[in-house]
Amino acid sequence: MSVLSARGLCHLVPGRTLFTDLDLELGAGRITAVVGPNGAGKSTLLRLLADLEAPQTGRVQLGADDLRTLPARQRARRLAYLPQRTSLPHDLRVHELVLLGRAPYLPAFGPPAAADDAAVASALHQVDLDGLAERATGTLSGGEFQRVMLARMLASDARVLVLDEPTAALDVGHALGFLAHLRALADAGAAVVLALHDLDLARRYTDDAALLTGTGPVHTGPVEHVLSARFIGPAFGVEVRELGDHLVFEPRSSRARPSVPASGR
Numbered sequence: 488m489s490v491l492s493a494r495g496l497c498h499l500v501p502g503r504t505l506f507t508d509l510d511l512e513l514g515a516g517r518i519t520a521v522v523g524p525n526g527a528g529k530s531t532l533l534r535l536l537a538d539l540e541a542p543q544t545g546r547v548q549l550g551a552d553d554l555r556t557l558p559a560r561q562r563a564r565r566l567a568y569l570p571q572r573t574s575l576p577h578d579l580r581v582h583e584l585v586l587l588g589r590a591p592y593l594p595a596f597g598p599p600a601a602a603d604d605a606a607v608a609s610a611l612h613q614v615d616l617d618g619l620a621e622r623a624t625g626t627l628s629g630g631e632f633q634r635v636m637l638a639r640m641l642a643s644d645a646r647v648l649v650l651d652e653p654t655a656a657l658d659v660g661h662a663l664g665f666l667a668h669l670r671a672l673a674d675a676g677a678a679v680v681l682a683l684h685d686l687d688l689a690r691r692y693t694d695d696a697a698l699l700t701g702t703g704p705v706h707t708g709p710v711e712h713v714l715s716a717r718f719i720g721p722a723f724g725v726e727v728r729e730l731g732d733h734l735v736f737e738p739r740s741s742r743a744r745p746s747v748p749a750s751g752r
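Numbering (this note's numbering), first residue to last: 488 to 752.
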């Protein structure tokens, strides 16, 4: 069953159309990867899905509700968004940062309720950071910070998670760990959509994909179908071979050069 859906989305920038007539269904228990070359509109699509930008045409629905008509607090209780870049005071404590995820529940005046503190503690436990509640965020490693940001999303109790390139600044170990956390959340019933550069990781950890080309056409469907040599080669302007579970890229302009395993970057 679809918990977040887009119908007929179109977005134009000066000189070209990023995507047109885009339909997308996000289901509970599934992870959807948004992939494509630089400038194809991945971040734009995620901002539309999170109601941070209004669609030029088309609509986005959260369950049966039009996302644009939902009051902000109601929307924030059902959908959480993690941007590609976050600017925060370095002296903010981890507990305080995760508590920001409880904003749609907090009273206008007065301290957080016991339920809010419990939600923060539970979120930190889910991402294996129980002991860091009092740490200043400026002292965290990149992997720890991203897990704290994931905890902030979890504290909201939202069942739809929208993440813009959450693994971009992480080394391979932290990236794998972060995606494993998302996989566990989806297996527990969340609907997850995220932009990814690493195509092999997308094929390994996600269920569905939307491949943006930056010129209008969009390919959507099961990840093994969308992230295949048939579609990836033309989208990225490269030659692609599938070697078992991995993709091998080769520049079209220089076929004589040795092939290298795809990193998606």
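These are calculated hints, taken from the structure and not from any lab test.
Wrong hints could be hidden among the right ones.
[Claimed, not checked] Label pairs and their computed distance ranges (CB to CB):
1. Ala601 to Arg555: 29 to 39 Å
2. Ser489 to Glu621: 32 to 42 Å
3. Ser574 to Asp644: 19 to 29 Å
4. Val500 to Ala675: 16 to 26 Å
5. Gly625 to Asp687: 53 to 63 Å
Glycine included, every Cβ here is placed at the ideal spot set by N, Cα and C.
inquiry  = Verify the CB-CB distance for alanine 601 and arginine 555 against the hinted window 29 to 39 Å.
reply    = Given about 34 Å between the Cβ atoms, the range holds.
message = If I claimed the Cβ atoms of serine 574 and aspartate 644 lie 19 to 29 Å apart, would that claim hold in this structure?
response = holds (25 Å)
Supplied distance hint 53 to 63 Å, evaluated on CB atoms of glycine 625 and aspartate 687 = violated (33 Å)
request  = Can you let me know if the beta-carbon spacing of valine 500 and alanine 675 is within 16 to 26 Å?
outcome  = violated (37 Å)
Range agreement (Cβ of glutamate 621 with Cβ of serine 489, hint 32 to 42 Å) = holds (41 Å)
When held up to the earlier numbered hints, the structure conflicts with 4 and 5 and fits the remainder.
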